[in-house]
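Engineer: Listed here are the chains, written in short residue letters.
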Amino acid sequence: MKRRQGWLFFIIFLLTLSVYLLVNYPLQLGLDLQGGSQLTLQIIKEEGKVTKDELEAVNSVIDKRVNNLGVSESNLQTLGGDQLILELPGEQNPLVASRVLGKTALLEFRTQKKGTSTNLKALQLQRLSIKELIEQYSSAEKSQNDNNLKVIQDDLKNIEQELNYSSNSNDLYGKLIEIKKYVDKKISNLFIKTDLSGNDLINAGRRQEQTNSNWEVLLTFSNSGGEKFAEITKSIAGSNQLLAIILDGESISEASVGNQFVNTGITGGSATISGNFSAENARELEVQLKGGSLPLPIEIVETNTIGALLGSKNILKSLYAAISGLIFVGIFMFFNYRILGFVSVLSLVLYGFFNLALYSLIPVTLTLPGISGLILSIGMAVDANILIFERIREELNDGNTLTRSIDSGFQRANSSIVDGHITTLLSCFVLFLLGTNFVKGFAATLGIGVLISLFTSLNCSKTILRFLTTYQSLRQKNFYLPKNNFSN
Amino acid sequence: MKYNLELIKNKSRIIGFSTVLILLSLLGILYSTFNTSYKKPINLGMDFVGGNETRIERFCEEECSNFSPDTVLENLREISKNKNVLSNIKLQFQNNDKLISIRTPYLSIEESNNLITNLDNIIGPLNYASKDSRLIGPKLGKRLLTNCVSSLLVSLLAISLYITIRFDKKYAFFALLALFHDLLIVFGIFSWLGIILSVEVNSLFAVALLTIAGYSVNDTVVIFDRIRENFKSKNEGYNETIQLSVNESFRRTTFTSITTLIPLLSIMLFGTYSLFWFSLALSLGIIVGSYSSILLAPSLLLKD
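In order, the protein sequences belong to chains A and B.
Sequential numbering of the first sequence, starting at 1, is according to my numbering.
Sequential numbering of the second sequence, starting at 1, is according to my numbering.
In case anyone wonders, no lab produced these hints; they're calculated from the structure.
Computed from a prediction, not measured in an experiment: that's the story for all the values here.
Heads up, a few of these hints could be off.
Using C-beta positions, here's what the derived DEER-type ranges look like [as the list claims (entries may be wrong)]:
#, chain 1, residue 1, chain 2, residue 2, range
1, A, 52, B, 169, 40 to 46 Å
2, B, 24, A, 8, 49 to 55 Å
3, B, 24, A, 181, 51 to 57 Å
4, A, 169, B, 117, 20 to 26 Å
5, A, 455, B, 70, 53 to 59 Å
6, A, 199, B, 70, 51 to 57 Å
7, B, 75, A, 316, 31 to 37 Å
8, B, 121, A, 209, 34 to 40 Å
9, A, 90, B, 276, 26 to 32 Å
All residues carry an ideal CB built from backbone N, CA and C; glycine is no exception.
Extracted from the complex, chain A is given alone in its bound form (with noise of 0.2 Å):
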């Protein structure tokens, strides 16, 4: 009797603890319990698996451009070894990040060809009449106007008559893209590689030019590079070879080297791209920049947002699903079992507490498919209850005392229960190793639930039967079974 005494106090400080631990440290909830937006980032890789090492360095140069943003409370954090997972909680809008964090931001500098000024200056009048009709492209779908749609797709033809070359896109935009993709890349042919590049920055700003409203890109280059853009910018000072500064293969800025640096090259290791930015693309440069180029360039191929409001309601909704879950059980049980049912529900109660006090302590975060998971243990944490009290029902029919009946009955369904939970637990265990985010949620709720209900349903629903047994007037038998049951 001394022994359940002291169970009784353990679980009674268990149950502190736990509200303890509940109230000083709250449920973190999912995004889809707060609102907010979340997004999955995939490596991509030709060959081969990607590494760790591989993996590090991208999550790295995400990390940066993420806190380069300013998004505040995000969370980054790799998922089965060639993914990566950003929450944005709130309301924050995901465009900016996955425009932000899509490139690969591979800058390069480069020198020209000898011999190509003609064809890169027809190259650099074609972008620029691209730009012209992609321009006009969007005005002329805004106004509904067929015509302008109609001059745009002849010059279009005009273009690629000259370019020798023609598009493969299904719709107009599409083909305005894919000839801009080409003329880019056609010009950066033009261009030589150097020992220059994203990797010898240390920092990026942006400010406004100081004769209209666009805006320029500063780079600071580190001690070598510094030295390298020199010796490169003296290389070509004077001669009518140009300067391109490429970003993802696309030529961003073409400049020419004035004769002055014929000697020494553009010392004082900065430089500053001037391609008519707008405020916004500025900064998204900047962030990219400063972040560092990718060492593999990644896809994002998931994108889930939930509203704020969403959210609460499906804590609400989810709260009044999970209470309403528990009074019914609890009827039933009280029905079928009287004071052992009692039992349950209070068992049922405790296991609730040390499930939600696990959760905080771990911690897990709670999301809806791990709420479902919590709900449904409930279910499975009362199947161990029935197993035992239908075994005490059948000891009682046989005419065992209700101590004893009670005794052999928990030691009876011990084979079966645990039996149980390990087929269950087995389930879990193939969820959590290869679901996805979503599924390890209900597969950790689920797991964790099974295995307190072996101690819920076990250790305290005994302790708290016996405490009550102790009570004599709580002895008789017909407390224990509903009466039609005694019968037979």
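Since the structure of chain A is already known, use the hints to place chain B on it.
Structural biologist: For chain B alone, coordinates are given in the frame of chain A:
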């Protein structure tokens, strides 16, 4: 109260009933594979094929004005840039025209935002705080599908191994037969739901199947445990012992199913829409699972 299920008398009926259920499921799966637009055994949802789904509420005073989805789509087509996307778009009104749900093939975040802005122009104002949007690339979809199928296979293998170690061959075989029977029937029901109501299955459906697997085996194990125990302690005939064991564990099995169904029903009634079909799949699995544990698996053990 004693239960008296006449297992021995009804053996052929039980097996016949299960055979009919299995044939119906197979019929659904075959019909779905050959006679539907999606040509798959089951109607795969966005998780597996990629796409864009957005649900958003409108701000309305008292009642929301009535629009037909076709007019809205017509308007959308007129003001939208990317005409390709709009040729394959589904738009529905729910909750008295308050909630708009829109499905398209995969879009970039930018395109999806544009779509919602256009929608706002047509039937706005929209309540952005109620927005729920998912974009899944086709690549990820394929990956999720293989992921789900492999999780299912691995965990079925693990459960099979556990059962074969735990019981002797005959018991293990029938327990697993009952398990596959349950999974096949739930799968078949969702094939039919896909054909008739165009219900789609997502990764949560795979989770439901896995949970059903664990649960159904659990139920069967409890009954087989009881049969083994009774073979040792009771001196009755082989078939009679099995029937007795089933009747002894009948209350336990049904009660457990009921206490698990209650929370699932409350999720279906009060929970969020994304969990509705998940809970339904689980509930069906638990009902079929209890049936196969109580009636089918022990009947298969009976000797003629």
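Engineer: Run every hint past the structure and note whether it holds.
Structural biologist: Hint check results:
{"no.": "1", "hint": "A:52 x B:169: 40 to 46 Å", "in the structure": "holds, 44 Å"}
{"no.": "2", "hint": "B:24 x A:8: 49 to 55 Å", "in the structure": "holds, 54 Å"}
{"no.": "3", "hint": "B:24 x A:181: 51 to 57 Å", "in the structure": "holds, 54 Å"}
{"no.": "4", "hint": "A:169 x B:117: 20 to 26 Å", "in the structure": "holds, 24 Å"}
{"no.": "5", "hint": "A:455 x B:70: 53 to 59 Å", "in the structure": "holds, 58 Å"}
{"no.": "6", "hint": "A:199 x B:70: 51 to 57 Å", "in the structure": "holds, 55 Å"}
{"no.": "7", "hint": "B:75 x A:316: 31 to 37 Å", "in the structure": "holds, 34 Å"}
{"no.": "8", "hint": "B:121 x A:209: 34 to 40 Å", "in the structure": "holds, 35 Å"}
{"no.": "9", "hint": "A:90 x B:276: 26 to 32 Å", "in the structure": "holds, 27 Å"}
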